[in-house]
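S.K.: Here are the chains, one letter per residue:
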Amino acid sequence: MRRLFAILCCYVAASMVSVQAQEPVALTGDIQAAAMPETTPEKAPETVTSDSVETLLTKLTAVKLSKALPVLEKLETQGGAALLPMFKSMLAGDLYYIKSSKAVIAVVKADGKLTGRTVLGNQDLGVIEKKQIKKIRVNNKLRVFLRQAIARLQIGAPDAELRLLAVKTLLNSLNSDTVEILNSARASESDEDVRNMIDLALALHQSASPSSETRYAVVAVLADSLEKEARNKLAEIAEQDSDKKVRLAAAKALKKINERIEFYDFIDQLFFGLSLGSVLLLAAIGLAITFGVMGVINMAHGEMIMLGAYTTYVVQLMMPNAIEYSLWVAIPLAFVVSGLVGVMIERGVIRHLHGRPLETLLATFGISLILQQLVRSVFSPLNRQVASPEWLSGSLEINPVLSLTLNRLYILAFALLVFGLLLIILRKTSLGLNVRAVSQNRDMAKAMGIKTGWVDAMTFGLGSGIAGIAGVALSQLTNVGPNLGQAYIIDSFMVVVFGGVGNLWGTLVAAFSLGIANKFLEPVTGAVLASIFVLVFIILFIQKRPKGLFPQKGRAAE
Amino acid sequence: MNQLMRFSRLHGDSKVAPFVAILVLVTLLASMGNLLMPQDSVFYVSTYTITLLGKYLCYAMLALAVDVIWGYCGILSLGHGAFFALGGYAMGMYLMRQIGDRGVYGNPELPDFMVFLNWSELPWFWQGMDQFWFAMLMVLLVPGILAFVFGWLAFRSRVTGVYLSIMTQALTYALMLAFFRNEMGFGGNNGLTDFKDIVGFDLQADSTRVTLFAITALMLAVILVVSHKILQSRMGKVIVAIRDGESRARFIGYRTERFKVWLFVYSALIAGVAGALYVPQVGIINPGEFSPLNSIEMVIWVAVGGRGTLIGAIVGALLVNYAKTKFTAIMPDGWLFALGALFVFVTLYLPQGLMGLYKKMMDKRKNTTDGGSGPDDVLSAPVQSSAKGGDV
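Top line first, the protein sequences correspond to chains A and B.
The opening residue of the first sequence carries number 1 in the numbering used here; numbering runs sequentially from there.
The opening residue of the second sequence carries number 1 in the numbering used here; numbering runs sequentially from there.
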C-alpha cells in the first residue's frame, strides 16, 4: 500500500508538471495492475481502484476535450461498475467539477436549484452555487464511447433488463473485442431473452463471413428478430449477397418480419384506441348515470372532471415529497369534492327544474361557466402541470416494435375497475335499487316510500364524483386547465347517446368502439378529420337509431 | 297563468308595429347623428357606436332565428352559430375576393392566406364568390341546405328534445374543428379578415358603415314582420301545436316533421343573413364563431328576453350584449360569472323572460277586468313539450 501511495504521489507531481498526460496514466495503470495481487485480496482492491480512479477523475477535469477519450478508457478499465453512475451523468451532460478542489460531481437541477452528488459513493453535497462549478464537456465521440462503455459495464449487471439493454447498445458497435465480451457473457447467461439477444449480436457479426453456409445460418437467426439492426442487415443481405440461396432466404425472412411488424402495428393502434376508449369511458360513465339513469342533462359534467383534475393538482401541491402516493389521496378526495359540488348543484338548481330538460341544460351550462371562471380566478387561466408518479411512467416493452405506455395501461384498467364498481353499486346495493326504481317510475317509487329527492341527490353526487375520479386519471394524460372539461363534454354526450341512454353496457361498448374507430381513422385522415368523421357518423347514426346502440325496452323507455 | 296567456294573445302580438316604428326611428336618428352632425355636437353619434349598434342588431336577428324554432316550436338548437358563421363565411369570401391585388402578396386572384400556403389556384368552392349576387345566394343556400339536410334527417326519424340539442351542438363543434384546419381553404385559425370594400364602397368610410347599419335594421324589421305573419298564419298555429303536443298534432293529421323542417330552414336562413351582415361590420370571421359556447349564448339572449315572443328575443339580445360590452370593459373576469349566473337565474326565476315579467305586471293591473281563460293559448311555453312530445 505504502508503495502505491508513493507512486501515486509521484504521479500527481508528474502530472502537475507534465501536460502530456497519457504516458503517466498508462504507467500508473500498469503498476497498479501489477500491485494488486500483492495486496490483501478482500479489502485492498477497492481502495486501490478508488484511489487511482480519483486521480484519473482529477485528470479528466484538466485534460482537453480531444484528449479525454484515453482518460475515459482508463477509467473504464480501472473503475469498472463503480463508475456506471459517473458515465451515465457524463452522458447526460450533468457532470461538473468543483473549481476549488477539482472534485468531480454529478449535478442535478431541481426547482431552480443545483444539487450536487459525489460520483463515487453517491454522497449528497446539498445545494451548490453555479459559480463554484464548471461543466465537464462531452462531444459526440465521447458520447459514443460512453454509451458503449456503459453497455460493456452493464453486461455483467445482476439485473437481466440492464444486461439486455447493454447487449442492444453493443449491436451497433460490433468488433472482435465486443464479440469476445459477448461470447464470454453468453456462457454464463441464464436469462433466455438476453441469450437470444447475444445470439443475434453474434449472428450480425458473422454475417460478413466468407462461407455462404454460415451466412445462411445467420439469416435464419436474424429472421426471428424484430430488432432494427437485424432488419437492416437482412435487407442488405437480400440485395448484395453473392449467393442466390442466401439472398432468397433473406428476402423471405424480411417479408415475414414485415408481416409481423404490421401485425404489431395493428396491436399498437388497437391499444391506443382502447386507451382513448378508456378515457372516453371514464369521462362518459358519470354522465351515463346522471343523463342516462336520471334523465338530467348536466352540461357542467365536464367541469366536474376539471375539478377532479385540479384536486389532484392541489393534493400534489400539499404533499410535494410524496408524489408517489398522491394519486391514492387524490382519487377519494376528487370523488368527494366533485360529488359534493354535484349534490349542491342538484339541491340548489336541478331539483327546481325537474321535468324540464331543456331548462336544466341551460342552467347547468350556466353553472359550468361559473365553475370555469372560478378556476381561472383561483388558480390561473394557464395550464397546470400535474406530476406523474414513478410507477406510472415508463412503458411495457413487449418486443422491439411494440411497447405499451404504462400510464395508458393503468388508466385502461382503472376505467374498467370504475365501470365494474359502478355496475355493482347499481345492481347490488340498496342505493342502486332505489335509483333504478326512481328512474323507471318516479311516482310509483315515491308511493312505495322511497325518498326520491334523496335518491336524486345521491345519484347526481355519484355521477359527479365519478367524473371527479375521471379528472384524476385525465390529469395523468393531458394538461390540467380551465378548459379541460369542455374538451370532453361533447365527446361524453356522444358516447352516452351512441350507446343508448340508460344503459351502462351500451356506454362501455360505445366508448371503446368510438375510441378504436378514432385511432384507426387517424393515420388515414389526420387527427382532426378523424374526430370530425366520428362526430358526423354519430349524428347520422342517431338519425337512423334515435335510441342508440342498445335502446331501453319496455315502458320505462318512454 | 291563463290570464297572462290570454293577455299576451290579445296585446302581445300587436307590439310588432310600434317596435318596428321605434327601430326605424332610432336607426334614422343615429344615422343622421353620425353623418350630419359635427363631431363636437351633443347629438353626434360616433362611427364606433354605429358599428356597435349594427353588431347588436345582427345578434338580435340571430336571436330571432333561435326564438322562431325554440320559442314557437320547442326545438332547442345549440348549433345556430353554425348557420350564422356559414352565412358570415360566404360574405367573408366575397369580401376576400374584393381585396384583389391589394393584399400583402399582391396576388390578384388568390387571397393572402392561399399564397402563404403555396396554393397555385383558387379551390372550386371559391369560384364565383367574386360576384356579389352569387355570394348572396350562397349566404342563403349554404345554411339553408345544411339545415334542410340535418332537419330532414333528424325530424323524420323523430329525434327530439335534448337529443336534438346535443346533435346540433355536435354539428357546430364538428364544423368548428373543420374550419380550424388550414387545408379546408377558409383561412384556418385566422379566418378571413383585412377586408377593403364591399360592392365598390370603402368599408372604413362612415357612409358605408351607416348604410350597413341601416340595412341591418331594415332587414331586422322585415324579418320581424315576416316571422310575425308566418306565426300568425295557419302554419304558425300548427307549429305552436307541435310545440305543445307533437303526438297530438300528428294524430290530427299534420305531417309535423315537414313543418319542423321548413321552420328550421327558415330559421337557418335568418341566421345566415345575420352572419352575412355581421361580417362586413365587424371586419373578421374566424372559426371561433362556430364554437358551441357562442351558440348557447344565443339561447340565453332569447331566454332573458322571453321566448315565444319575437320582440322579447330582440330585446334580450340587445340587453345581454350591451351588458357584455360594459362588463368586459370594466371587469373582464366578471363577465363569465355574470353570464353563468344569468343562465341559472333566468331558468329558475324568469322562465318567461323579461317579456313574461312585463306581462305579469301589466296583467296584475288589469286583473280586475279580465277573468276568463282561453283554451288555445298561443304563447304558453309548455313545461314538458320536449320530454313527452316525441315518440308514442
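Mixed in with the good hints there might be a few duds.
Stated by the list, open to error - Once the Cα atoms are required to be at most 20 Å apart in a straight line, the calculated SDA-like pairs of lysine to any residue come out as: (1) A/Lys547 x B/Lys324; (2) B/Lys324 x A/Ser377; (3) A/Lys547 x B/Tyr105; (4) B/Lys196 x B/Tyr105; (5) A/Lys168 x A/Glu129; (6) A/Lys544 x B/Lys324; (7) A/Lys544 x B/Tyr105; (8) A/Lys544 x B/Leu137; (9) A/Lys544 x B/Val24; (10) B/Lys324 x A/Arg376.
I should point out that these hints are in silico values taken from the structure, not numbers from a laboratory.
S.K.: If a hint holds in the structure, say so; if it doesn't, say that too.
M.R.: Verification of the hints:
The hinted pair formed by lysine 547 of chain A and lysine 324 of chain B fails the criterion: a straight-line CA distance of about 39 Å is larger than 20 Å. A threshold of 20 Å between alpha carbons decides the hint, and for lysine 324 of chain B with serine 377 of chain A the separation of about 19 Å falls inside it, so the pair holds. Between the alpha carbons of lysine 547 of chain A and tyrosine 105 of chain B the distance comes to roughly 53 Å, so the proposed pair goes past 20 Å and is violated. A threshold of 20 Å between alpha carbons decides the hint, and for lysine 196 of chain B with tyrosine 105 of chain B the separation of about 15 Å falls inside it, so the pair holds.
The hinted pair formed by lysine 168 of chain A and glutamate 129 of chain A fails the criterion: a straight-line CA distance of about 38 Å is larger than 20 Å. About 41 Å separates the Cα atoms of lysine 544 of chain A and lysine 324 of chain B, which puts this hinted pair outside 20 Å; it is violated. For the hint linking lysine 544 of chain A to tyrosine 105 of chain B, the alpha-carbon distance of about 48 Å lies beyond 20 Å, and the restraint is violated. Between lysine 544 of chain A and leucine 137 of chain B, the direct Cα distance comes to roughly 31 Å. Violation of the 20 Å bound is thereby established for this hinted pair.
Proposed proximity of lysine 544 of chain A and valine 24 of chain B is contradicted: the alpha carbons are some 47 Å apart, above 20 Å. Distance restraint check for lysine 324 of chain B and arginine 376 of chain A: the Cα-Cα separation of roughly 19 Å lies within the 20 Å cut-off, and the hinted pair is therefore satisfied.
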